[in-house]
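K.L.:
Chains as they are written, first to last, in numbering that gives the first Met the number 0: chain A, 0 to 248; chain B, 0 to 229.
None of these hints come from the bench; they were simulated from the model.
Glycine included, C-beta positions come from ideal geometry on N, C-alpha and C.
Please note that a few of the clues may not be correct.
What the hints assert, rightly or not - Cβ-Cβ distance ranges computed for the label pairs, FRET-style:
(1) A:246 - B:60: 40 to 50 Å
(2) B:92 - A:246: 46 to 56 Å
(3) A:144 - B:151: 27 to 37 Å
(4) A:159 - B:64: 50 to 60 Å
(5) B:194 - A:246: 42 to 52 Å
(6) A:159 - B:0: 29 to 39 Å
(7) A:144 - B:167: 26 to 36 Å
(8) A:3 - B:163: 51 to 61 Å
(9) B:38 - A:14: 49 to 59 Å
(10) A:66 - B:164: 17 to 27 Å
(11) A:246 - B:175: 45 to 55 Å
(12) B:85 - A:117: 22 to 32 Å
To be verified - Straight-line alpha carbon distances no greater than 30 Å define the calculated BS3-like cross-link-like pairs of lysine-lysine that follow:
(13) B:85 - B:162
(14) A:243 - B:85
(15) A:90 - A:23
(16) B:160 - B:195
(17) B:89 - A:242
(18) A:242 - B:85
(19) A:163 - B:162
(20) B:215 - B:162
(21) A:163 - B:96
(22) A:172 - B:162
(23) B:160 - A:163
(24) A:243 - A:163
(25) A:172 - A:243
(26) B:215 - A:172
(27) A:163 - B:89
(28) A:243 - B:162
What the hints assert, rightly or not - Under 10 Å between C-beta atoms, here's a sample of chain A residues computed to sit facing chain B:
(29) 163
(30) 167
(31) 237
(32) 246
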Amino acid sequence: MLHRRIFQFLIIYIMGLMFLLLLKFSLNLSDYVIPGPRELWQTSLQFSSPYFLHVINTLSVAVVGQIMSIFMALLVGVTGRQATWFGSFIKVAAYNVQAYPIVAIAPIIFILLGDGLLTRLLIAAMICYFPLLLSVLGIMSEPVADIEHFYRVTGRMRWQLEVKIRAFENLHKLTTVISGSATLAMAGTIVAEFIAADAGIGYTIRIALYQGELSKILIALFLIGITLSVYQGVLEAAGFMVKKGWTHM
Amino acid sequence: MRFECSHITYRYPGAAGPVFQDLSLTLAEPGFDALFGPSGIGKTSLANIILGRIGEYGGAIRTEGMRSPLYTYNLERLPGWSVVGKHLDKITPPNRKALKDELVASFGVARCLGSRFTQLSLGQQNRVNLIRYLVQDFDLMIMDESLANVDERTRETIIFKIKSLFPHSIFLYISHNVVEVAKFCKEIIVLRQAHKHPQTIRVAGQNLYDAQALEKHRLEVTMLEIMNAA
Numbered sequence: 000m001l002h003r004r005i006f007q008f009l010i011i012y013i014m015g016l017m018f019l020l021l022l023k024f025s026l027n028l029s030d031y032v033i034p035g036p037r038e039l040w041q042t043s044l045q046f047s048s049p050y051f052l053h054v055i056n057t058l059s060v061a062v063v064g065q066i067m068s069i070f071m072a073l074l075v076g077v078t079g080r081q082a083t084w085f086g087s088f089i090k091v092a093a094y095n096v097q098a099y100p101i102v103a104i105a106p107i108i109f110i111l112l113g114d115g116l117l118t119r120l121l122i123a124a125m126i127c128y129f130p131l132l133l134s135v136l137g138i139m140s141e142p143v144a145d146i147e148h149f150y151r152v153t154g155r156m157r158w159q160l161e162v163k164i165r166a167f168e169n170l171h172k173l174t175t176v177i178s179g180s181a182t183l184a185m186a187g188t189i190v191a192e193f194i195a196a197d198a199g200i201g202y203t204i205r206i207a208l209y210q211g212e213l214s215k216i217l218i219a220l221f222l223i224g225i226t227l228s229v230y231q232g233v234l235e236a237a238g239f240m241v242k243k244g245w246t247h248m
Numbered sequence: 000m001r002f003e004c005s006h007i008t009y010r011y012p013g014a015a016g017p018v019f020q021d022l023s024l025t026l027a028e029p030g031f032d033a034l035f036g037p038s039g040i041g042k043t044s045l046a047n048i049i050l051g052r053i054g055e056y057g058g059a060i061r062t063e064g065m066r067s068p069l070y071t072y073n074l075e076r077l078p079g080w081s082v083v084g085k086h087l088d089k090i091t092p093p094n095r096k097a098l099k100d101e102l103v104a105s106f107g108v109a110r111c112l113g114s115r116f117t118q119l120s121l122g123q124q125n126r127v128n129l130i131r132y133l134v135q136d137f138d139l140m141i142m143d144e145s146l147a148n149v150d151e152r153t154r155e156t157i158i159f160k161i162k163s164l165f166p167h168s169i170f171l172y173i174s175h176n177v178v179e180v181a182k183f184c185k186e187i188i189v190l191r192q193a194h195k196h197p198q199t200i201r202v203a204g205q206n207l208y209d210a211q212a213l214e215k216h217r218l219e220v221t222m223l224e225i226m227n228a229a
């Protein structure tokens, strides 16, 4: 899984890079617009190590934001799964809020909280929270009738058992959603760093952007992609281990 | 102990015609009765009305001296997080452990206890599922194709065992197998189209018990009566 993810990213990255170089050489663009292979190589040698630390900084915020989102989504999803007015309210609210681009709220958070860790964390959590919530709500609201029937007719059904049955039956979906939300958390953190931070790879990209140094941005993108691929691969592997452990208890 | 559906009328929302029109049905004697009819006639819908899953029906359902009925069907599954034996232990009331063991042995699923539900054949799955219902407290059990995919000999053993272990309970066995219902059931309630009146006709079955000889001629007559009624 991990190898496949890294391999897929490398293919896309190399294709993107080739396209830029093709554009550069076919239109005879200067190194200032699109850097050449030599400059890219030198920049990578010079900046890979510090940029990698910046990516790790961003990833650590994204991971914390994602964990917050997962817990929130599970909490609200489990509470909102029932066909009560509260459950319906949560579902309607989640669907409506999801339709709004959360990233547009980021400047408000910046104005209210200023720049720094809390703003980054909050924006990252908000961006990956709603898609996660919708998935958890969908999974938790869908009865697994063939299994739940016995517990209902014999009066043994408890909410904990209901959640356990639905989570177990949809473990693959949950793992995929959580793994996918890592990208959203990372994107959220980088967006937050563009506008409201003095650390992280988003902040670094912003500086490179002001300096007009595409080579630095390309190196940063490479490191973001590789790190995210590894993180998603680890999440998928963890999901696989959980499922394996749960089904072999 | 009495269970009675009187003048039940029901039409699914958007359906052209009713499923039930003035349907009446009484179950008062313990034993093995069958609900027989072609696919789509409304056997499972009737079970759903009895269980209270369908609420917007006309008529009334009354019970006297009876707890809520249990309904089991052949597509049920056990959760996959532990083996069948652990599940059965967990859902069996403490005073019914011996009953569970006896059912496990006579239903031929002792070797399945260490396996997960998904690892079992369909017939084994249905037998395991039925055991977990039989170890509960009940007065009326509706068995909807509960022995589907079980071979004929094992099915016979199971029905005889249920009859001997639960002589005071009422079983309503839903099946499409005319030979089976004619052979083992006390009464066969044949469910007919809604436009026919009465919508149910009762046919006396052979109600065969273990070690009892089967009278083939009488069985054939019963089968003919069932087919004529349907």
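K.L.:
Taking each numbered hint in turn, which are not upheld by the structure, reported in ascending numerical order?
P.N.:
Those not satisfied are hints 2, 4, 10, 11, 12, 15, 16, 19, 22, 23, 26, 28, 31.
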